[in-house]
Amino acid sequence: MTSDSATIVALATAPAAGAVGILRLSGPAALEVGRRLAPVVPASPAPRHAYLASFVDAAGAVLDEGLFLYFQAPRSFTGEDVVELQAHGSPRLLRLLLVRALEDERVRPALPGEFTRRAFLNGRIDLTRAEAVADLVSADSEAAVRAAAAGLSGALAERIRALETPLRELHADLEGVLNFPDEAEGADSGAGARVAALRSVAEALRAEVGRGRLVRQGARVALYGPVNAGKSTLFNRLVGEARALVDDEPGTTRDALEARVEWDGLGVTLYDTAGLREAPGRVEALGIARTRELLAAVDLAVLVLPPETSREEAASWTREAGATPVLSVTGKCDVMLGDRGEHGSAIHPSPAPPRVSGLTGEGVEALRTSVLTRLWGGGTPSAVALVSERHADALRRTAEALGRAEAASRVSTLEVLSGEVGLALEALGEVSGTSVSEALLDTLFQRFCIGK
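Numbering (this note's numbering) for the sequence shown: 1 to 452.
Hints may be right or wrong, so weigh each one.
What the hints assert, rightly or not - Cβ pair distances, simulated, as ranges:
id	residue 1	residue 2	range
1	Arg390	Ser44	37 to 45 Å
2	Asp104	Ser153	31 to 39 Å
3	His88	Ala439	34 to 42 Å
4	Val137	Glu103	28 to 36 Å
5	Leu67	Arg290	49 to 57 Å
6	Arg106	Thr373	54 to 62 Å
Just so you know, these hints were derived from the structure itself, not from any lab.
Values in this document were obtained by computation on a predicted structure and should not be read as measured data.
Cβ atoms here follow ideal geometry from the backbone N, Cα and C, with glycine treated the same way.
Using the sequences and the hints, build the whole thing.
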């Protein structure tokens, strides 16, 4: 696969007023077209040198003054000649410069992600790094920024390579035995053990897709429980502002409220839900139905219980969350009550849930820590490899092929074993980009913005 010979152009900055706006060209005619807009630049400019230049229209009238930068192939992001014009960030000015560049028949508008796609096709970056560019652009939390930056630096690529290289070596050994049995005798020894070890690596990488989604999209956490348990007050405390209406009257919250926060760099969407109770009013019942739908969709449900809740009631409320993990807390811990619930059984399961108060802030920091621990476990969110759903699917097929290869090493012919290892390599190549179709590339780069 190779990129076409056209020179492409696009704005590399947002189409809005700002301090600086950048016009980017890449391709064989980039320097010539760029110099047409900035004729004071030398015919053979020094690569990676910033020239102060006047940008002119077709009649030679000055439109602006800014910087001209030239990156010579192959030592550029795309691997082609690249020119950047850095002008003042006037949308109208930048549009004039863009139209002027497109007057040359060798130049066409860049497609979404086409600069990064050319970098991949020209061997400047692998596919995991290319995808990390889009992850970095769309990152909306510190953890997402740091994880995407690690991916751009090759963190995921190194882990894929650590799997792909020995897998390729194993395949070569097996093919060598098949094609040259006398010369490659013994090269297939221990193939079953090698396959099993590689399968474990693939499964471990695949298991990180959940963490990758949490970093990319953020976690979803819902506060739920009976009415008047202190959910809305706790929600306001966690968010840091009075977003939810608080009142002593049961059923005050009738629809789910949401707010985005960032805890230890991880983006978290918090939901304050309608309190669950029997025989509510019609409008409140709609809110309760929505609460149950939301509980099925979130990553973690925080059950906020009144201080007087019995062990049996706590267990019943926990079951309301279905398959969603539950973290239980006792709300309104600033309210002093007796030692037993209304049904006479001991209050709460043993051990008792942590006590929190949205009113005073008691236990709130500990709750944040508990939420992050339940969501994440150990380690740092920003250190995760951003394994996407696409990667996970390819790794699943890799692991499945290696599973069949492991079985074949015990009962089947060498041809079957080698064939399954080859299929594993092909699936893994969809992650690194060594085995990828044009259709897949089209799908991947469509999510990029124009100019990247």
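Cβ distance range 31 to 39 Å for Asp104 and Ser153, holds or violated: 36 Å, holds
Outcome for the supplied range 54 to 62 Å, where the beta carbon pair is Arg106 and Thr373: Once the Cβ atoms are compared, 57 Å apart, the range 54 to 62 Å for Thr373 and Arg106 holds.
34 to 42 Å as the expected CB spacing between Ala439 and His88, which holds or is violated: With Cβ atoms ~40 Å apart, the hint holds.
Assessment of proposed distance window 37 to 45 Å (beta carbons of Arg390, Ser44): The hint (37 to 45 Å, Cβ to Cβ) holds, given that Arg390 and Ser44 are roughly 43 Å apart.
Consistency of beta-carbon spacing, Arg290 to Leu67, with hint 49 to 57 Å: 53 Å Cβ-Cβ, so the 49 to 57 Å window holds.
Whether the CB-CB distance between Val137 and Glu103 falls inside 28 to 36 Å: At 29 Å between Cβs, range holds.
Figure legend: structure checked against the earlier numbered hints; every hint is met.
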